[in-house]
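The residues making up each chain are set out below.
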Amino acid sequence: DTGVSQNPRHKITKRGQNVTFRCDPISEHNRLYWYRQTLGQGPEFLTYFQNEAQLEKSRLLSDRFSAERPKGSFSTLEIQRTEQGDSAMYLCASTGSGPGEQFFGPGTRLTVL
Amino acid sequence: AQTVTQSQPEMSVQEAETVTLSCTYDTSESDYYLFWYKQPPSRQMILVIRQEAYKQQNATENRFSVNFQKAAKSFSLKISDSQLGDAAMYFCAYSAGTSYGKLTFGQGTILTVHP
Chain A
1 DTGVSQNPRH KITKRGQNVT FRCDPISEHN RLYWYRQTLG QGPEFLTYFQ NEAQLEKSRL
61 LSDRFSAERP KGSFSTLEIQ RTEQGDSAMY LCASTGSGPG EQFFGPGTRL TVL
Chain B
1 AQTVTQSQPE MSVQEAETVT LSCTYDTSES DYYLFWYKQP PSRQMILVIR QEAYKQQNAT
61 ENRFSVNFQK AAKSFSLKIS DSQLGDAAMY FCAYSAGTSY GKLTFGQGTI LTVHP
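Chains as they are written, first to last, in my numbering: chain A, 1 to 113; chain B, 1 to 115.
Hints are computed from structural coordinates only; laboratory data are not their basis.
Some clues are possibly wrong.
Below, a list of computed lysine to aspartate or glutamate pairs in the DMTMM-like style, where the Cα atoms sit at most 25 Å apart [to be verified]: (1) A:K57 x B:D26; (2) B:K70 x A:E101; (3) B:K55 x A:E28; (4) B:K73 x A:E101.
Given only the sequences and the hints, what does the whole structure look like? Please build it.
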């Protein structure tokens, strides 16, 4: 297993465009998390999936954000009508069970022009 | 709401010396977990060490150890025999036992290791 992967690694888009990011967790992990990290800050929780069920969403996740995890495997995070304030690193993490170690992906860096 | 505070934006240490990174947190939960994560420049975040709040004994992982003061809500990380590869951003993180494991992070401390 090669760990958590995220694609694309970098995305540059114009304001108002839609973007979609993908996360492939470690295969046996049923818990998946999305975080957002702005430059020089700690990551902030966005949303959590247990298998295919989205069980928690942060208030940071506005109506323009949507996340899915079909069949409890990979997950996608879509941002509609991007704004410059959406520019950040979007991190995905997975874990097997309980409040144990979360394994992080390399992140997708989004730049909104 | 739970908060995690790292009051040292930057720290530096000489190679082979010891450095301590500070972290305080605020919670009303009795069951929780504390973590230190390391984020090297342009690389993935990895777990350094974990502490369960119900355990009185401080966690240790090789050169890394914590000083967990539950009453003071303090959770510092000590790095002994610092190595050049320890240079990174270090994040203190909290997870409530009642949550789904979501992490609340501090602002981070940039650690520089001088040869």
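- Message: Could you work out which of the previously given hints the structure breaks and list their numbers from low to high?
- Response: 3
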